Amino acid sequence: MTPGPAGKGPAIEVSDLVKRFHADGPTALDHVMTAMAHGRITGLVGPDGAGKTTLLRTLAGLLRPTSGSVRILGLDPFTQGDLLRDQIGYMPQKFGLYEDLTVLENLTLYADLRNVTGAERQRSFEKMLAFTNLEPFTGRFAAKLSGGMKQKLGLACSLLGTPRVLLLDEPGVGVDPISRRELWRMVRELAQGGMTVVWSTAYLDEAELCDDVRLMNQGQVMASGPPQTLLGQMRGRCFHLVNIAGHRRDVLQRALRAPEVMDGVIQGANVRLVLREAGQRPDLAQLEAGPGAAMVEVAPHLEDAFISLLGGGPGGDSALAEFMPQVELDPRIDPRAVIEARQLTKRFGEFAATDDVSFKVAKGEVFGLLGPNGAGKSTTFKMECGLLKPSEGQALVMGIDLKSSPSEARQRLGYMAQKFSLYAQLTVRKNLVFFSGVYGLEGELQQVKIQEMVEAFALAPFMDTLTGELPLGFKQRLALACAVMHEPQVIFLDEPTSGVDPVTRREFWTHINGLAQKGVTVMVTTHFMDEAEYCDRIGLVYRGKLIALGTPDELKQGVATPEHPNPTMEDAFIELVTEADR
Amino acid sequence: MKKLNPRRLWALCRKESYQIVRDPSSILVAFILPVILLFVMGYAINLDADHMRIGLLREDPGPAAVRLEQTLRASRYFEVHAGTSRDGLVTRMAHGEIRGIVIVKGDFTSKLKQGHGDAAIQVLTDGAEPNTAAFIAAYARGAFDTWQQGLAADLGAHPSPALDLRLRTWFNPSNVSRNFLVPGSIAVVMTIIGALLTSLVVAREWERGTMEALLATPVTKAELLMSKIIPYYILGMLAMVLCLGVSVFLMGVPFRGSLAALFGLSTLFLGCALGMGLFLSTVLRSQFNAALAALTSAFLPALMLSGFVFEIDSMPKILQFLTRIIPARYFASSLQTLFQAGTVGALLWVNALGLGLLMLFWLGLTAWKTRRTLD
Numbered sequence: 000m001t002p003g004p005a006g007k008g009p010a011i012e013v014s015d016l017v018k019r020f021h022a023d024g025p026t027a028l029d030h031v032m033t034a035m036a037h038g039r040i041t042g043l044v045g046p047d048g049a050g051k052t053t054l055l056r057t058l059a060g061l062l063r064p065t066s067g068s069v070r071i072l073g074l075d076p077f078t079q080g081d082l083l084r085d086q087i088g089y090m091p092q093k094f095g096l097y098e099d100l101t102v103l104e105n106l107t108l109y110a111d112l113r114n115v116t117g118a119e120r121q122r123s124f125e126k127m128l129a130f131t132n133l134e135p136f137t138g139r140f141a142a143k144l145s146g147g148m149k150q151k152l153g154l155a156c157s158l159l160g161t162p163r164v165l166l167l168d169e170p171g172v173g174v175d176p177i178s179r180r181e182l183w184r185m186v187r188e189l190a191q192g193g194m195t196v197v198w199s200t201a202y203l204d205e206a207e208l209c210d211d212v213r214l215m216n217q218g219q220v221m222a223s224g225p226p227q228t229l230l231g232q233m234r235g236r237c238f239h240l241v242n243i244a245g246h247r248r249d250v251l252q253r254a255l256r257a258p259e260v261m262d263g264v265i266q267g268a269n270v271r272l273v274l275r276e277a278g279q280r281p282d283l284a285q286l287e288a289g290p291g292a293a294m295v296e297v298a299p300h301l302e303d304a305f306i307s308l309l310g311g312g313p314g315g316d317s318a319l320a321e322f323m324p325q326v327e328l329d330p331r332i333d334p335r336a337v338i339e340a341r342q343l344t345k346r347f348g349e350f351a352a353t354d355d356v357s358f359k360v361a362k363g364e365v366f367g368l369l370g371p372n373g374a375g376k377s378t379t380f381k382m383e384c385g386l387l388k389p390s391e392g393q394a395l396v397m398g399i400d401l402k403s404s405p406s407e408a409r410q411r412l413g414y415m416a417q418k419f420s421l422y423a424q425l426t427v428r429k430n431l432v433f434f435s436g437v438y439g440l441e442g443e444l445q446q447v448k449i450q451e452m453v454e455a456f457a458l459a460p461f462m463d464t465l466t467g468e469l470p471l472g473f474k475q476r477l478a479l480a481c482a483v484m485h486e487p488q489v490i491f492l493d494e495p496t497s498g499v500d501p502v503t504r505r506e507f508w509t510h511i512n513g514l515a516q517k518g519v520t521v522m523v524t525t526h527f528m529d530e531a532e533y534c535d536r537i538g539l540v541y542r543g544k545l546i547a548l549g550t551p552d553e554l555k556q557g558v559a560t561p562e563h564p565n566p567t568m569e570d571a572f573i574e575l576v577t578e579a580d581r
Numbered sequence: 000m001k002k003l004n005p006r007r008l009w010a011l012c013r014k015e016s017y018q019i020v021r022d023p024s025s026i027l028v029a030f031i032l033p034v035i036l037l038f039v040m041g042y043a044i045n046l047d048a049d050h051m052r053i054g055l056l057r058e059d060p061g062p063a064a065v066r067l068e069q070t071l072r073a074s075r076y077f078e079v080h081a082g083t084s085r086d087g088l089v090t091r092m093a094h095g096e097i098r099g100i101v102i103v104k105g106d107f108t109s110k111l112k113q114g115h116g117d118a119a120i121q122v123l124t125d126g127a128e129p130n131t132a133a134f135i136a137a138y139a140r141g142a143f144d145t146w147q148q149g150l151a152a153d154l155g156a157h158p159s160p161a162l163d164l165r166l167r168t169w170f171n172p173s174n175v176s177r178n179f180l181v182p183g184s185i186a187v188v189m190t191i192i193g194a195l196l197t198s199l200v201v202a203r204e205w206e207r208g209t210m211e212a213l214l215a216t217p218v219t220k221a222e223l224l225m226s227k228i229i230p231y232y233i234l235g236m237l238a239m240v241l242c243l244g245v246s247v248f249l250m251g252v253p254f255r256g257s258l259a260a261l262f263g264l265s266t267l268f269l270g271c272a273l274g275m276g277l278f279l280s281t282v283l284r285s286q287f288n289a290a291l292a293a294l295t296s297a298f299l300p301a302l303m304l305s306g307f308v309f310e311i312d313s314m315p316k317i318l319q320f321l322t323r324i325i326p327a328r329y330f331a332s333s334l335q336t337l338f339q340a341g342t343v344g345a346l347l348w349v350n351a352l353g354l355g356l357l358m359l360f361w362l363g364l365t366a367w368k369t370r371r372t373l374d
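As they're listed, the protein sequences go chains A and B.
Residues in the first sequence are numbered from 0 upward in steps of one, following numbering that gives the first Met the number 0.
Residues in the second sequence are numbered from 0 upward in steps of one, following numbering that gives the first Met the number 0.
Each pair of labels, with its calculated beta carbon distance range:
1) B:R371 x A:M462: 38 to 44 angstroms
2) A:G146 x B:L27: 27 to 33 angstroms
3) A:E468 x B:I26: 40 to 46 angstroms
4) B:E128 x A:K429: 50 to 56 angstroms
5) A:S14 x B:V20: 47 to 53 angstroms
If you are wondering where the hints come from, they were derived from the structure by calculation, not from laboratory data.
On a predicted model such as this, the values are computed, not experimentally measured, just so you know.
Idealized CB from N, CA, C, for every residue including glycine.
Using the sequences provided together with the hints, build the complete structure.
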């Protein structure tokens, strides 16, 4: 038997697929039923743990289905893998190439393994190298490539032998927006040539670029269809509240209390609202948005559709903020500079990871640091919260230099690390007790504080669960709880929402907004472009330097041109980075 | 196992070789570590007693006693420190400065002249180190015999001992312990190279995510396994040649057997060690765990149960039985035979059989545990 011809029926057929890794373990894939057409890019979209990787691995023949079946080009990838492997290109999530081999050696290895030889090999190498712009780097070790170049090399290796089906597991992760656009251009070209592409992603904005989308959550496909169809259901339900007088964070909170509003976020100077039903608008007067405020319909995003499918956003009131006292700063502290960087520089040998960065963050402000991986945002961030010593310059929190008295400052700041940094082998309760103890809470106060956190984050059912076994969203919630239990006046959040589902993401931002309303100063890093819009001000870090600083609207306006009057945050980002490279 | 595509196998072997050559730690383990270990084991672990420090208290100034002292001093086994009082010497022994005391009493000459045969020397030894104590007692007795014969010869009389015991040590006539320690330590070194290096290689592919990408290509299970075995087999054999060269040319250990037998036995042994390392790496999928497991399950038994330092015959029965599943036991014994005795067919065939069976066991287990899926 040979793989079926193109164009007849779907390229990929998944019917009633169930995957459990242990007989009584959780269901990674829960009766998945879907089909993917020839020559199209199908996006698998969902948060971490949704089952995207498990589905892709099953398609690649690397996992045996617990029940149900998978057919690619009419063949079963698990039992008939020998016939299919030449036809499938698979790019795993982790960079699957050899870092101690050069670009050309990696290509040669995969050409040999995929039976691409002779003249054909020469042709495909030339094609691939031109396609990926890796020609000047053939002699470079893969370890020395940038994140974007690595992904392109991975793509090139999985394309050798011209497979008919290409499976890409989160190729956009760890890649800066410029390389991401390039990857998309390349994959688009392949699909136009007839290749069937499956692209998994956690970014909903990325999914809008696909021909067809499968929204996944907790092992199930929640919705299928072209993005336009999914977005169509949301038409007439998305609005910008413009010309707001007063603070937009308060307006958002009031808007989310209105029964007509399903979801809402801050969007630069505006508030973006999604209605439960088209036509049923909230009463503007009740939002107290000022006399000039108006609702302007805007284009829906895939994220709106996803949140709608998940039953709507979490509401605008942060249970956490209710337990936090209003921040009263020491009168000696300048409220315009609760966090301050003065010519902050960090050198690792010759390399300046952070180079002469200066900014001030005011009391109650949400300040975002944005930048591609490796740009230096984490280094800057870590110096600001006292985890790294600056080589030059000063990092100050509430006027205290973190170099001279880090522990005094640390008592007043909360920190949530990017990597999960709680004790996986302790229960939720023990982690809460431990971290509150570390910050000096004891006795009744400690008990009260723990109880508050349990309520604010709905942790009660998990108190005796081992932290390592929590679902990702609850891990992140617990991490935030541990960072704020001592009622800090300043909090640092390093990519707090990376990988979680959109509703949990909303919930996090509700907490962040609530804390800011209480006067807590927030510094946050993110690689989600839309999250940058939720911040009061953002700093764009690139190659160790702060290349832009301002409100999201200022940054967007800064790159607007007559041809392109309404650039998105991503457009602004790409333009500013390109400018910096010139 | 099906289909071994030579081009794919060659591509994988070449990839593996690049990784070996570019990873300084594999070169360190394969070529630097063996030399260091051979020298450490060949010179630092010395089971021969030489120049043992003893105290001598000679209270008798007579010529017979003086002659006894000269005999002791002339022995290469002793380094004699003369003392003036019994207490002083006992203190020095307690401090570990000397390992034994020989006392020649003041009435030694007079008792000797009386001829009742009750003239005595006293030998005190430090029981804290039983080996050394036994050596001192034995060598002191030997020195005493030498002295007595010399005395008798002087007197013209021939005491004609009832027995004349002549000891000959065969195969290692000079009784240099290095000559059997070095071949034994080659077995230990080869265990390290074989098991430790390979314990890392499959786990590394899992950790770095390269295995997932490999499995999605048409590569077969047999190719995967062979591509791990062949390069490390060659590396192991190169290290074997290095060990042989260092032993024979730098350390002066004689090699009396045939090179062909050495080649064959080394191949079988490397098969065992590589199989064991690959098995651990395949099952544990973590470099750290696999390396720890390789050290405890391959290196330590090779050191303690191979008979390279501790004689298997003097072990409790159950341990003796256990040594039969330790590949290093057969290899150490083969190497000691090849170096010291030559090609002794009967013994080597038995060892080859043991190694062959163990090799089949480990490689078979690895093949059985190697999966083409991620489950």
